[in-house]
Structure formats: C-alpha cells, structure tokens
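**Q** Residue numbers (my numbering), protein chains in the order written: chain A, 1 to 295; chain B, 1 to 268.
Hint data in this document are derived by calculation from the structure and do not stem from the laboratory. Just so you know, even glycine gets a beta-carbon here, dropped at the ideal spot from N, CA and C. Do not take every clue at face value.
Capping the alpha-carbon separation at 30 Å, the derived lysine-lysine pairs in DSS-like fashion look like this [to be verified]:
{"id": "1", "chain 1": "A", "residue 1": "75", "chain 2": "B", "residue 2": "108"}
{"id": "2", "chain 1": "A", "residue 1": "77", "chain 2": "B", "residue 2": "148"}
{"id": "3", "chain 1": "A", "residue 1": "153", "chain 2": "B", "residue 2": "148"}
{"id": "4", "chain 1": "B", "residue 1": "141", "chain 2": "A", "residue 2": "153"}
{"id": "5", "chain 1": "A", "residue 1": "77", "chain 2": "B", "residue 2": "105"}
{"id": "6", "chain 1": "A", "residue 1": "98", "chain 2": "B", "residue 2": "141"}
{"id": "7", "chain 1": "A", "residue 1": "291", "chain 2": "B", "residue 2": "37"}
{"id": "8", "chain 1": "B", "residue 1": "99", "chain 2": "B", "residue 2": "19"}
{"id": "9", "chain 1": "B", "residue 1": "148", "chain 2": "A", "residue 2": "74"}
{"id": "10", "chain 1": "A", "residue 1": "4", "chain 2": "B", "residue 2": "39"}
{"id": "11", "chain 1": "A", "residue 1": "75", "chain 2": "B", "residue 2": "39"}
{"id": "12", "chain 1": "B", "residue 1": "99", "chain 2": "A", "residue 2": "77"}
{"id": "13", "chain 1": "A", "residue 1": "98", "chain 2": "B", "residue 2": "260"}
So these bits of chain B aren't anywhere near chain A, every CB distance computed over 10 Å [unchecked claim]:
{"id": "14", "residue": "34"}
{"id": "15", "residue": "59"}
{"id": "16", "residue": "91"}
{"id": "17", "residue": "144"}
Part of the chain B face toward chain A, derived, beta carbon under 8 Å [claimed, not checked]:
{"id": "18", "residue": "11"}
{"id": "19", "residue": "43"}
{"id": "20", "residue": "49"}
{"id": "21", "residue": "84"}
{"id": "22", "residue": "94"}
{"id": "23", "residue": "117"}
{"id": "24", "residue": "119"}
{"id": "25", "residue": "170"}
{"id": "26", "residue": "173"}
{"id": "27", "residue": "180"}
{"id": "28", "residue": "181"}
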Amino acid sequence: MLRKLSVSDIVLTGFIATVGGAECAHVLAVFLHKSFSLAAALTLGGTVAVFLCCLAFSVLVARRDRKSIDPLSKKEKWLLAALGCVCLWVFALLISGKTIDVHGDMTVETVQSFLTTDAPYSVNPLTGEAYTAGMPMRLRVLCLPTLYGAFCKFLPVTPWTWIHTIVPCFVFVLSLVAFYTLGTTLFPESRERRPLFLLAVVLLLLAGTYAYGMDGFGLISSGWRGVSLRNLILMPYVFALALRRRYMGIVLCILAEACLVWTLYGLGMCLLTAAGILICDLILRRRISKKEVAS
Amino acid sequence: MSYLKSAWNGWGEFITAGKLAGVFLAALLFLLFQRKKVKQQTFLLYTTIAAVLCIFPVMAAILMLYQTIFFDYQWIWTMVPMTCFCAFAAVLFLEDHLKEYTSDKRVKAAVVLMLLGILAISSGLGKKAVDPKALTTGEVKTILTSVKENCADETVKLWAPEEVLAKTRALDGSIELLYGRNMWDNHLNAYAYDVYSEDLQEAHFWIEHTTWYERIPDDECLETVVNRGVNCILLPMEVREDSLEIFLTEYEKKAVLFEKYYLLTRIR
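Chain A on its own, in the form it takes in the complex (with noise of 0.2 Å):
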C-alpha cells in the first residue's frame, strides 16, 4: 500500500481523517449529550494521533522517494522562488484579517456559544438563546465548529483569530498539496510542469476574489467554511484520485464532505464529480479499444 502513495496523498488522507474524527466526536456530543469539552479533547487527540501517524509515514515514504529524485534543475528553482513570493503575498493577505467575510456564515458565533454552554447547539449562536423550533439536522452533523472550537478550548487563541486568520493558513496549505496531486496526476511525466501548474493556479485563486462562489473568495475571504474546504481540498484531491482511478480515496472524500458540508444525505459535488470523471474515462476508454479491433 506504500509504494502507491506519496507524501501529499499522506497529507490528504490525514486531513480526512482528521475531519472523520472530529465527526465522530461531534456526533458523540450531539447524539448522545454529552459534553463539548470531552467532545474537543477526543477531537484534539485524534488530531495529535492522526498527525503523528502522517509524520511517521512521510518519512519512510520520503526516504523510500529520496535516491529517485533528481536535483532540481534552473527553470524550477526559478517557478518555486516565484511561487514562493506569490504564496507569502497569499499569507499576508490571510494573515491581514483585512479580506474576511462573514455574510451567510456564523461559524465563530457557533464555537463561542459552544465554548460559553459547553455543549453543542444547546442555544442559538446568533442570540444566545434557546431555539423555539429548531435546526435542521443536516446542519446540526457537521463537524467544523466542534474541529475548530477543539483548538480554541485548549490553545490560547480566541475563535475570531483562529477561525479567521490562522485555519485559513492551514487550509491554503492544504490546498496547495491537493493542487500539487492533481498536477502531478496531469503531468506525470514532466516534472518541471508542476511548479509552473501551481504558479498558475494560486495566480488564478488570487484573480478569482471577486465573487462568492468563486475559489479565490473562498481562500480569501471565507478560508474556514466548510464549502471552501470542499472545493479549495477535497475537489482538487477528487480530480487526481478519479483520474488515476484510486477508488477507495474518492470513497473518503465523499465522506469527508458529507461531514463538512451540507449535502443531498451524504450524495455531493464530490460524489458527482468523480461519477463524471470514471464515466468519461469508460467511454474514452471504450472507444480507444474500439479503434483497436478496427484497426
């Protein structure tokens, strides 16, 4: 099973297997009442686990990968340095707290009330008062605020901070390894393609600010909603999976996104996509052989 993976499907895998833990905890504190802070320790601890696990494994994989990779050559050091420059430009704008928008979106009102009752959904967020009819369970699932509000209980930063300013790093790290898969997945041959591919991407994320919906809005503005979570890490990660026809990942991916997301019962973009893409391949696929017994 090692010698198919690389240390960016490790990353990913880990990211998701982060989100199923915080889910678990999640559904634990709603479901079965108990309390938020056990709902952030075993969220906290399963995260510290997960990430020692893809520390361990991205070290025999990166020494396995380390006698077959060449040095890199000029033109690479070149399109990295400018990556480079561009993603600081990105963690600066990130890091500003100055491209933040919160229409549509209470998830620090969330964490806050969570941390204050210490259970999840016991008030309203936005008021800080009992529900009179309620919420729907399609939202009352996802995990994100007990994944975030985890962090905040027992790290010294405020929610606003947190979520606003530093998971959007994370996430624009993430999602820059979910790129790097697919480029790697679209240039398989060409090394020096990579670089360049994310050159264009992040350039084109940095382009695409100016509307909701949009992916560059989503890393900019909105880096800690679950959407952009969706479609900055798990829809990237889902292209390069389809296309090499990893089954079991694009299996994940769609669970990750039923927990971050609110989706059809679990059936969303990712579901869809990768649908899309094996049904596009079986026909390319067919026509090839095909060609093969006319020929």
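With chain A's structure known, arrange chain B on it following the hints.
**A** Structure of chain B alone, referenced to chain A:
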C-alpha cells in the same frame, strides 16, 4: 420553475462581477482545438461536459435541485474544475504551443505579461466598498468591556445597532442579544427554523432609524425591549431627545461610548 429562473439568471450574474468564466471558456476552446495533442483526454471531456451542464438552464436547474435549495446557482460550478483547468491550459500553452511558435525569450516574456494582464482585467479590478458604519474588532471589544462593567446583572442581554451586534456574539459568547445577525443577513436564516416576531423586527427598524418620525411609537418599542428582558441598550447619539426621555424612564444613562452611543442599563 423557480429553479429554472434561478438557473437562467444565475449565469448572467456569474459572468457580471468578473470574467474568469470567460478566461475558462477561452481555455476550453483552446484545448478543444488542440485536443489531439492533449494527453489528459478524460479531464478535457469531463470539463467540457460539466461546463455545458452548468451553463444551459434546464441542466443547471437539475444540478441546483441535486445540491439542494441551501445553495445558490454559483455553487453548481464546484463540479467544473475552473481553476485547475485554466492552469492546465496555461501550462500547455506556455510549454508546448509557445515553444513551437518561437524560441525568442523577449517574445515569450511579452506573451506571459499579456496573459497576466488578461488575468488581472478578468478579475474585476477594484476594491470592495467599505461600510462606513462598520466598527473594528477592537472598537467592539472596548464597547463590550464597558457594557459588562456597567451592567449589574450576571447575564447581559444587549440591544444595539447592527454594527455592534454584528460582532458581539463572535467576540463574547456570554452576552445574549435581543436579535442576531440573521435579522439583516437573510442567508443566516437557513441555519435555523426560528423566525423573528413583528415586534422585534419593528424594534430593529426603530434603532436603525432613530431620527425618523414615521416608525413605531417610542413607548411601544420600549415595552418590547423591557418585556424581552433587555438590561443593556446602546442607543445612537443621534436619537431624538423625546425618544431618549421615554427610554430614561426604565433605563439610566451610564456612559457615552466613542461619542457615538449612549450606554443605558436597566434601573433596578
């Protein structure tokens, strides 16, 4: 029918704010003409089909049904790899097509600059308009500290203008509010089944239009606020004198904050 209408209007709105969708279609056209040279045929075929499904209203409406009413039109474009595809096309253009056309570095540099220029123009240049009423996080924190110091009760229930309430629960989860951000940000109403009663909506209108004469009477607004257990009010200083007098029958003036608000607390 409403989905069809949203799908019809959605595409128009999607391409109005910025033109990255145009860049994407140009990239798609370029690669379709070069399709025999493109090794990733599955990626190209899928992107083409997905884009067609998202543009044409009937299929777009079906996709909107699939993603549920919780999301607007633009979210169906999640299934189209716009960013990756444009980047993929850019790499193939620069690495294959441009290399075939010329080996002159100056020409290549000029082409790269033009592409960056096209990207900059397509991004909808210009900054978002800043709301002049908006308060910084630091200002709201100062206000909330003052509110907690002056309010004698253990639990503070606050009524204030939008620019204060917008950040209150995000900065301090212990303060209750008469109403939340979903009073003016309708997208937040999707997160709960609760609705605000008419008297709360009128109280919101009252405090956002403190100098108007044509609104609910001051004593009715006061009654709403008192009955809901509000023990702390931030009234804008532009409030009319007669309105302030009525509120001072149940609340006392404790402080003036940022020369913008009267801080009133409940008389015990």
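**Q** Give a verdict on every hint.
**A** Here is how each hint holds up against the structure:
| no. | hint | in the structure |
| --- | --- | --- |
| 1 | A:75 x B:108 | 14 Å, holds |
| 2 | A:77 x B:148 | 56 Å, violated |
| 3 | A:153 x B:148 | 22 Å, holds |
| 4 | B:141 x A:153 | 20 Å, holds |
| 5 | A:77 x B:105 | 18 Å, holds |
| 6 | A:98 x B:141 | 17 Å, holds |
| 7 | A:291 x B:37 | 18 Å, holds |
| 8 | B:99 x B:19 | 27 Å, holds |
| 9 | B:148 x A:74 | 61 Å, violated |
| 10 | A:4 x B:39 | 22 Å, holds |
| 11 | A:75 x B:39 | 23 Å, holds |
| 12 | B:99 x A:77 | 20 Å, holds |
| 13 | A:98 x B:260 | 24 Å, holds |
| 14 | 34 | 15 Å, holds |
| 15 | 59 | 12 Å, holds |
| 16 | 91 | 5 Å, violated |
| 17 | 144 | 12 Å, holds |
| 18 | 11 | 12 Å, violated |
| 19 | 43 | 6 Å, holds |
| 20 | 49 | 7 Å, holds |
| 21 | 84 | 6 Å, holds |
| 22 | 94 | 7 Å, holds |
| 23 | 117 | 11 Å, violated |
| 24 | 119 | 5 Å, holds |
| 25 | 170 | 4 Å, holds |
| 26 | 173 | 3 Å, holds |
| 27 | 180 | 3 Å, holds |
| 28 | 181 | 6 Å, holds |
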